[in-house]
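Residue numbers (this note's numbering), protein chains in the order written: chain H, 72 to 239; chain B, -8 to 775.
No lab work stands behind these hints, which were simulated from the structure alone.
Worth double-checking, as some hints may not be accurate.
When the alpha-carbon atoms are kept at most 27 Å apart in a straight line, the in silico BS3-like pairs for lysine-lysine are as follows [said to hold, decoys possible]:
| no. | chain 1 | residue 1 | chain 2 | residue 2 |
| --- | --- | --- | --- | --- |
| 1 | H | 164 | B | 18 |
| 2 | H | 216 | B | 484 |
| 3 | H | 216 | B | 7 |
| 4 | B | 441 | B | 642 |
| 5 | H | 164 | B | 132 |
| 6 | H | 164 | B | 484 |
| 7 | H | 226 | B | 707 |
| 8 | B | 642 | H | 216 |
| 9 | B | 18 | B | 170 |
| 10 | B | 753 | B | 132 |
Computed, partial: chain B to chain H, Cβ under 8 Å [what the hints assert, rightly or not]:
| no. | residue |
| --- | --- |
| 11 | 1 |
| 12 | 239 |
| 13 | 638 |
| 14 | 712 |
Distance ranges between label pairs, derived from CB positions [claimed, not checked]:
| no. | chain 1 | residue 1 | chain 2 | residue 2 | range |
| --- | --- | --- | --- | --- | --- |
| 15 | H | 193 | B | 751 | 56 to 66 Å |
| 16 | H | 91 | B | 69 | 56 to 66 Å |
| 17 | H | 195 | B | 638 | 13 to 23 Å |
| 18 | B | 123 | H | 91 | 34 to 44 Å |
| 19 | B | 176 | H | 156 | 32 to 42 Å |
| 20 | H | 126 | B | 115 | 57 to 67 Å |
For glycine and all other residues, C-beta sits at the position ideal for the given N, C-alpha and C.
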Amino acid sequence: MGRPITVTVNGEKTSAEVEPRLLLVHFIRERLRLTGTHIGCDTTHCGACTVLFDGVPVKSCTMLAVQADGRQLTTVEALHAGGALHPIQAAFKEEHGLQCGFCTPGMMMSSFALLAENPDPTEEEIRWALSGNICRCTGYMNIVKAVRAAAVQMKEAAAVPAGAATGS
Amino acid sequence: MAIETPLKGFVGESIKRKEDDRFIRGKGNYVDDITLPGMLHMAILRSPFAHARIRSIDASAAQALPGVVAVVTGELLAQHKLAWMPTLSGDTQAVLATDKVRFQGQEVACVIATDPYVARDALPLIEVDYEVLPAVVDPHKALQPDAPLIRDEKEGQTSNHIYHWEAGDKAKTEEAFAKADRVVTLETFYPRCHPSPVETCGIVADVNPATGHATLYLTSQAPHAHRTLFAIVAGLPEQNIRIISPDIGGGFGNKVPIYPGYVVATAASLLIGKPVKWVEDRSENLISTGFARDFHMKGEMAVRNDGRILGLRVKLLSDNGAFYADAQPSKVRAGLFHIVTGSYDVPAAHVEADGAYTNKAPGGVAYRCSFRVTEASYLIERLVETAAIELGKDPADLRIKNFIQPDQFPYKSATGFEYDSGQYEKALRLALEKVGYEDLRKEQAEKRKKGELMGIGIASFTEVVGAGPGKHYDIAGLRMFDSAELRVHPTGKAILKLGVRSQGQGHETTFAQIVAEELGIPAADVEVQEGDTDNTPYGLGTYASRSTPVGGAATAVVSRKLRDKAKKIAAHLLEASDEDIEFDHGKFFVRGSPSKSKTIQDVAFAAYTNLPDGMEAGLEGVTYYDPPNFTFPFGTYLVVVDIDRGTGQVKVRRMVAVDDCGVRINPMIVEGQIHGGLAEGFGIAFMQLITFDEEGNCLGSNFTDYLLPTSWETPKFETYETVTPSPHHPIGAKGIGESATVGSPAAFVNAVIDAVGHLGIKNIDMPVTSDKIWTALQAAGAAE
Chain H
72 MGRPITVTVN GEKTSAEVEP RLLLVHFIRE RLRLTGTHIG CDTTHCGACT VLFDGVPVKS
132 CTMLAVQADG RQLTTVEALH AGGALHPIQA AFKEEHGLQC GFCTPGMMMS SFALLAENPD
192 PTEEEIRWAL SGNICRCTGY MNIVKAVRAA AVQMKEAAAV PAGAATGS
Chain B
-8 MAIETPLKGF VGESIKRKED DRFIRGKGNY VDDITLPGML HMAILRSPFA HARIRSIDAS
52 AAQALPGVVA VVTGELLAQH KLAWMPTLSG DTQAVLATDK VRFQGQEVAC VIATDPYVAR
112 DALPLIEVDY EVLPAVVDPH KALQPDAPLI RDEKEGQTSN HIYHWEAGDK AKTEEAFAKA
172 DRVVTLETFY PRCHPSPVET CGIVADVNPA TGHATLYLTS QAPHAHRTLF AIVAGLPEQN
232 IRIISPDIGG GFGNKVPIYP GYVVATAASL LIGKPVKWVE DRSENLISTG FARDFHMKGE
292 MAVRNDGRIL GLRVKLLSDN GAFYADAQPS KVRAGLFHIV TGSYDVPAAH VEADGAYTNK
352 APGGVAYRCS FRVTEASYLI ERLVETAAIE LGKDPADLRI KNFIQPDQFP YKSATGFEYD
412 SGQYEKALRL ALEKVGYEDL RKEQAEKRKK GELMGIGIAS FTEVVGAGPG KHYDIAGLRM
472 FDSAELRVHP TGKAILKLGV RSQGQGHETT FAQIVAEELG IPAADVEVQE GDTDNTPYGL
532 GTYASRSTPV GGAATAVVSR KLRDKAKKIA AHLLEASDED IEFDHGKFFV RGSPSKSKTI
592 QDVAFAAYTN LPDGMEAGLE GVTYYDPPNF TFPFGTYLVV VDIDRGTGQV KVRRMVAVDD
652 CGVRINPMIV EGQIHGGLAE GFGIAFMQLI TFDEEGNCLG SNFTDYLLPT SWETPKFETY
712 ETVTPSPHHP IGAKGIGESA TVGSPAAFVN AVIDAVGHLG IKNIDMPVTS DKIWTALQAA
772 GAAE
């Protein structure tokens, strides 16, 4: 009763046989053992399970693994690919944008998608973009600050002429 | 260009958090991340009815489903004397129902299967024959003589009444009321809400059938206390139980109780001989675990016409659900509600509390709160607002007139607390100044002339946090001390092991900073370990803002013990006498000649290599700290709102928070705690509601119905501080994790009432939703 799927996860192609009813988040967590993606509500409200699906943030608790066949998935584990922290990760730490850490991966993936689309968001735009991700610890103040700080960082990094960043 | 000195992490430095490195990489280790070889999965069948007799349970079809290993029922547990368990308030609670179900969502049977999906598939195959009984969801109705008896299995229980409890001096209070010019009354309901950390509760129970050792990975705010309770409930030898509370995805009181799912998963692992995982889903979390509040309160305040408060009288009815399971010290019945005189010098006070069973989930947890201080703070701050309106006085002036004065500390309250320190007027005045109070009042008067609704709400709260002392406060008999064990290794690096357990509060950083301050070892070199009962000294855990007041004090004390020994070693190295050695942030030197010194690292190495004659090797110690008193953090929160007359919609324009938690160890972390608490206070005031229909169906069973504030509606916060150290805490610190949730709901509601009070609207119970405001405006003839 398994169904074959091939998914590109964090840049690597993975093939698996899955039950048609298997939730995408369970595929990510249990089959691929990428446990940075969390489950908080099962009903698309809290956003702890947010991953990028062909670059678009989705809540993986209400998608099926079979829907990811032939698609690209990006999880929190890809943010620091190559070892260096992504500016969003660094800013979350720097601005104290996390406490218990449970919502953090989803929060960062939504922030990643926002900054890809809008590299210079206002505070209001950040608050709107993150309104599908619930945090119970921070009151959002420092999360918003972190996303702003990451935007500035990424803009500055982009302004550095090509080649200047090598060896960093 | 100035060269920045790297921060060592002394007290007062906002160093970045050590724990963040794993969380931002998705490398936290939460209970649901744990997978063991051969692990089975558990799912729970829950009652669809609030009150029903169980005629029979037929699990044969579920049992026959391929992949199902076992179906556990109450009957099976009863054979092992595990069908009932004790609660933290001395009552009993059904683990799996045997006779009746008493709330919707109650645990009826558990399926253990090889796959979590199969375990769920099996649940509807279990046939339960219920005889539905009338449910009672209102505690007032529950206490009427003809109400259905919920706890008919309890010997001698003939009604739904649980407890009667009083605090304060009744006669003296009556006298005060007799002398009053006026009695200000407020009846208000603090509704049921739920802490809802983003991580739900769960367990991986791994009982080794060969050795009998049980390793329980548990979402626990109090792993040591839970181990003892497991030993008592399950009859397992305590030394064979190891509780590991890994990273916790938020607690807020939700992870203090022991839940039936934990007990069944452990029993199942014991009986089957394989690890069993149970992680509840969100609906299970909302309908069956640790609710908070649900207090019906009537407060009366005796006042003189000049605004002086003479006395306070409170009657409250607590809705405890089907089992009295409040997580609270054993010698109190309504938590620390008798802190209800708040920040005010109230000469006489009396509290009468009664508890009632209803067909609702048990819990009564201290949701980001020190045992009912939130309800108390809400009532007194709403009463002061009511008094200000009735007396025609400014609510800030009325507070200033009645505050306990700085020279009155230590202050003995009318209900028996001894407040450690406070400067209430200073905090209030700072808030008034920061918000621009006088200008706002002028603006409000102008707007009122034009018919616009604008309100300014104040709450000047005082909390009571950091239980013990142990002789007065215990959990199930276990005294509320806490512990710290510090080991300094030869290279001068250290491991600090604590009895408390962070759920996001940043202990790995904060407690390392206390060691840095006291011993001079940079915080980066101090590894903080918590949560593993095999590996940490016994403690009562993290809730009720007790980690810094108690665990933090233990850390300071053990560091000082090591410092005393280190001084002796330094004297030996410096060839001086002990008394001549001085210490300053990691350096030991002979008095008068600071150039000749040894570092803590030198001394640590010597502790293993070059000791004075007769001295034991090593630089280690352990302390069990029993606090002499609570700490009493305080502050003033000020909220400005604008209300749309046409829709009743509230816009929070400003939120100014002045907090005083004594000495701040890591100001960045403290501020983060305040932000989070304010957001939860906002949620409670305007959104979060667990309610029930007449049949006892829970109407807040998912995040569509139970609304949590997101980044979009949460207001921005402006935070300020005053510093009044606790005189009895070793470093002058007080708790801070809960002040904002305790203090802010009243500020939000007072702002709404301040906007509409002149229309004759005296009270709107939380959550203060647009429709409630609009209805009140309509009734007052003031809606557009």
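Quick rundown of the hints versus the structure:
Only pairs whose Cα atoms come within 27 Å are accepted, and residue 164 (chain H) paired with residue 18 (chain B) is accepted, the gap being roughly 14 Å. Only pairs whose Cα atoms come within 27 Å are accepted, and residue 216 (chain H) paired with residue 484 (chain B) is rejected, the gap being roughly 34 Å. Note on residue 216 (chain H) and residue 7 (chain B): the hinted pairing holds, with a Cα-Cα distance of about 15 Å set against a maximum of 27 Å. For the given pair, residue 441 (chain B) sits about 18 Å from residue 642 (chain B) by alpha-carbon distance, which is consistent with the 27 Å threshold.
Restraint check for residue 164 (chain H) and residue 132 (chain B): not satisfied, since their Cα atoms lie roughly 51 Å apart, outside the 27 Å limit. For the hint linking residue 164 (chain H) to residue 484 (chain B), the alpha-carbon distance of about 24 Å falls within 27 Å, and the restraint holds. Distance restraint check for residue 226 (chain H) and residue 707 (chain B): the Cα-Cα separation of roughly 26 Å lies within the 27 Å cut-off, and the hinted pair is therefore satisfied. Among the hinted pairs, residue 642 (chain B) with residue 216 (chain H) is consistent with the structure: their alpha-carbon atoms are about 22 Å apart, no more than 27 Å.
A distance of roughly 64 Å separates the Cα atoms of residue 18 (chain B) and residue 170 (chain B); the hinted pair therefore is violated under the 27 Å criterion. Only pairs whose Cα atoms come within 27 Å are accepted, and residue 753 (chain B) paired with residue 132 (chain B) is accepted, the gap being roughly 25 Å. Of the supplied interface hints, the one on residue 1 (chain B) is violated, with its beta-carbon coming no nearer than about 18 Å to a beta-carbon of chain H, more than 8 Å. With its C-beta approaching chain H no nearer than about 6 Å, residue 239 (chain B) sits inside the 8 Å limit, and its interface hint holds.
Using the Cβ-Cβ criterion of 8 Å, the hint placing residue 638 (chain B) at the interface with chain H is not satisfied: the shortest such distance is roughly 20 Å. Hint on residue 712 (chain B) is violated. Least Cβ distance to chain H is approximately 16 Å, over the 8 Å limit. Between residue 193 (chain H) and residue 751 (chain B) the C-beta distance comes to about 41 Å, which lies outside the given range of 56 to 66 Å. The hinted range of 56 to 66 Å is not satisfied by residue 91 (chain H) and residue 69 (chain B), whose Cβ atoms lie roughly 40 Å apart.
Distance hint for residue 195 (chain H) and residue 638 (chain B): a CB-CB separation of about 21 Å, consistent with the stated range 13 to 23 Å. Checking the proposed 34 to 44 Å range against residue 123 (chain B) and residue 91 (chain H) shows it holds: the Cβ atoms sit about 37 Å from each other. Under the hint 32 to 42 Å, the C-beta atoms of residue 176 (chain B) and residue 156 (chain H), about 58 Å apart, miss the expected range. The hint said 57 to 67 Å for the Cβ distance between residue 126 (chain H) and residue 115 (chain B), and at roughly 39 Å that hint is violated.
Violated hints, in rising order: 2, 5, 9, 11, 13, 14, 15, 16, 19 and 20; the structure is consistent with all others.
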